[in-house]
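Colleague: Using the hints provided, position chain H relative to the given structure of chain R.
So the protein lines, in turn, are chains R and H.
First residue of the first sequence: 1, per this note's numbering; consecutive thereafter.
First residue of the second sequence: 1, per this note's numbering; consecutive thereafter.
Think of the hints as simulated: they come from the structure by calculation, not from any bench.
The structure presented is a predicted model; accordingly, all values stated were derived computationally and were not measured.
Hints may be right or wrong, so weigh each one.
[Claimed, not checked] Here are the simulated SDA-like cross-link-like pairs (lysine to any residue), alpha carbons at most 20 Å apart as the crow flies:
| hint | chain 1 | residue 1 | chain 2 | residue 2 |
| --- | --- | --- | --- | --- |
| 1 | R | K31 | H | S30 |
| 2 | H | K23 | R | R27 |
| 3 | R | K174 | H | I123 |
| 4 | R | K62 | H | M33 |
| 5 | R | K62 | R | D52 |
| 6 | R | K165 | R | E136 |
| 7 | R | K65 | R | I7 |
| 8 | R | K89 | R | N133 |
| 9 | R | K118 | H | T29 |
| 10 | R | K65 | R | E151 |
| 11 | R | K184 | H | H14 |
| 12 | R | K31 | H | T29 |
| 13 | R | K174 | R | I164 |
| 14 | R | K31 | R | A116 |
| 15 | H | K20 | R | R27 |
| 16 | H | K23 | R | K181 |
| 17 | R | K31 | R | T72 |
| 18 | R | K181 | H | T29 |
[What the hints assert, rightly or not] Covered by chain R, per the in silico footprint, the following chain H stretches (three or more residues, Cβ under 8 Å):
| hint | region |
| --- | --- |
| 19 | 21-27 |
| 20 | 31-41 |
C-beta: ideal position from N, C-alpha, C; glycine also.
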Amino acid sequence: MDYKGDIYYIEQILAGDINCFSCIVDRHKDKAFNLAFRICGNHEEAEELAQDSFLKAYRSLKSFKMKSSFSTWLYRIVYNTTISHVRIKKKGILSLEDFPADATDFIGISTSEEEAEKEYRSSLVNFALQRINEEERGLISLYYYEEMSVEEIYVVTGITKSNIKVKLFRARQKMLEIIEKVEKKNLVYYE
Amino acid sequence: MNNQEVCKEDLLRHFISPEKIEKAPEGFTSNVMTRVHLLETSPLIPAKRPWKKNLVPAISAAVIVLLIASALLIPGSQPDSLANPALSLFKNLKFSMPAINMSSIFRFTLPSVMIYAFIGILILTLFDRALYRIFHREE
Numbered sequence: 001m002d003y004k005g006d007i008y009y010i011e012q013i014l015a016g017d018i019n020c021f022s023c024i025v026d027r028h029k030d031k032a033f034n035l036a037f038r039i040c041g042n043h044e045e046a047e048e049l050a051q052d053s054f055l056k057a058y059r060s061l062k063s064f065k066m067k068s069s070f071s072t073w074l075y076r077i078v079y080n081t082t083i084s085h086v087r088i089k090k091k092g093i094l095s096l097e098d099f100p101a102d103a104t105d106f107i108g109i110s111t112s113e114e115e116a117e118k119e120y121r122s123s124l125v126n127f128a129l130q131r132i133n134e135e136e137r138g139l140i141s142l143y144y145y146e147e148m149s150v151e152e153i154y155v156v157t158g159i160t161k162s163n164i165k166v167k168l169f170r171a172r173q174k175m176l177e178i179i180e181k182v183e184k185k186n187l188v189y190y191e
Numbered sequence: 001m002n003n004q005e006v007c008k009e010d011l012l013r014h015f016i017s018p019e020k021i022e023k024a025p026e027g028f029t030s031n032v033m034t035r036v037h038l039l040e041t042s043p044l045i046p047a048k049r050p051w052k053k054n055l056v057p058a059i060s061a062a063v064i065v066l067l068i069a070s071a072l073l074i075p076g077s078q079p080d081s082l083a084n085p086a087l088s089l090f091k092n093l094k095f096s097m098p099a100i101n102m103s104s105i106f107r108f109t110l111p112s113v114m115i116y117a118f119i120g121i122l123i124l125t126l127f128d129r130a131l132y133r134i135f136h137r138e139e
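Chain R with its partners taken away, still in its complex shape:
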């Protein structure tokens, strides 16, 4: 079925057809879930948080201004819901030892070597993400995974553009340092 656009479905929902909300959920669920997951780092919690965010969005649909982008508005809800959840439930920092040895560990669960390398890189990034703070995680996720511009991130997070650039730069540095450390550790481990 062709997607008729967020505004069309929102109007239908506001007119009383609540089942149209499922089309909106279907359309945005992956990105909303991904954002929640990158920030909180746990599948179960991310699912709960993404669901809560959709429910919040549904309840506040009347206050949504049709002129702006629905996805940006939804991401703002997901971002705020997840950040405040993570702040309440601060977890311990992972140690470098928590990361699986290297790419060879992923060969068994992947179909090819190339696939294994991708899996390895992806979990390495995830690991590094969990070692930076929740706000930086959110920014990295919005910038790299959701491919948002600094302007769009500003709309979602409310952080000033110059601050976003500084925080992104720091987060990037931290993550690269962590990735570097893990890779060095792996080299030592296998030498």
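Modeller: Okay, now just chain H, sitting in the frame of chain R:
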């Protein structure tokens, strides 16, 4: 952005592929819709009207203002004052309790305004408890 920054950014891009996003689990949409339907079918709690929401603080504020105004406007020596019957009633009360000489316990004297302050606090506390009981019984 300087070159070093661009270089670092590109390096991170090498690790992150946006197409590799974590997908929402199976049944996500149906779970959300179940919760939406529950929300719609659950009996609605009528929203409190603004005047009812702020009734307790409004009454409290009004009474406090009234007390302060009466303390300022009604002179104690005025013979026909409205407060006179009440004051005379208090004066005529005979307590059978033995009088305690406070000066022997505390070697200092309290300013006379403190007595009024204590009475005021006591009255407001009782008033607050009464209002609390009235409005909580309603809920």
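Colleague: Compare the structure with each hint and give your call.
Modeller: Here is how each hint holds up against the structure:
Note on K31(R) and S30(H): the hinted pairing holds, with a Cα-Cα distance of about 17 Å set against a maximum of 20 Å. Using a Cα cut-off of 20 Å, the hinted pair K23(H) and R27(R) holds, with the two alpha carbons roughly 12 Å apart. A threshold of 20 Å between alpha carbons decides the hint, and for K174(R) with I123(H) the separation of about 61 Å lies outside it, so the pair is violated. Distance hint between K62(R) and M33(H) is fulfilled; the C-alpha atoms sit about 18 Å from each other, no more than 20 Å.
Of the pairs offered as hints, the one joining K62(R) and D52(R) holds, with about 17 Å between alpha carbons and a cut-off of 20 Å not exceeded. Restraint check for K165(R) and E136(R): the C-alpha separation of about 11 Å stays at or below 20 Å, so the hint holds. Note on K65(R) and I7(R): the hinted pairing holds, with a Cα-Cα distance of about 10 Å set against a maximum of 20 Å. Simply put, K89(R) and N133(R) have alpha-carbon atoms about 13 Å apart, close enough for the 20 Å limit, and the pair holds.
Taken as a hint, the K118(R) and T29(H) pair is broken in the structure, with Cα atoms around 29 Å apart against an allowance of 20 Å. A distance of roughly 19 Å separates the Cα atoms of K65(R) and E151(R); the hinted pair therefore holds under the 20 Å criterion. Straight-line distance between C-alpha atoms of K184(R) and H14(H) comes to about 18 Å, which keeps the hinted pair within the 20 Å bound. Note on K31(R) and T29(H): the hinted pairing holds, with a Cα-Cα distance of about 13 Å set against a maximum of 20 Å.
For the hint linking K174(R) to I164(R), the alpha-carbon distance of about 15 Å falls within 20 Å, and the restraint holds. Using a Cα cut-off of 20 Å, the hinted pair K31(R) and A116(R) is violated, with the two alpha carbons roughly 24 Å apart. Under the criterion of a C-alpha separation no larger than 20 Å, the hint pairing K20(H) with R27(R) is consistent with the structure, at around 17 Å. Under the criterion of a C-alpha separation no larger than 20 Å, the hint pairing K23(H) with K181(R) is inconsistent with the structure, at around 29 Å.
Between K31(R) and T72(R), the direct Cα distance comes to roughly 11 Å. Compliance with the 20 Å bound is thereby established for this hinted pair. For the suggested pair K181(R) and T29(H), the alpha carbons sit about 40 Å apart, so the restraint of at most 20 Å is broken. Coverage of the region 21-27 of chain H by chain R holds [criterion: at least 3 residues with CB-CB distance below 8 Å; count 5]. Counting residues of the region 31-41 of chain H whose beta carbon lies closer than 8 Å to any beta carbon of chain R gives 8, which meets the minimum of three for the stated coverage.
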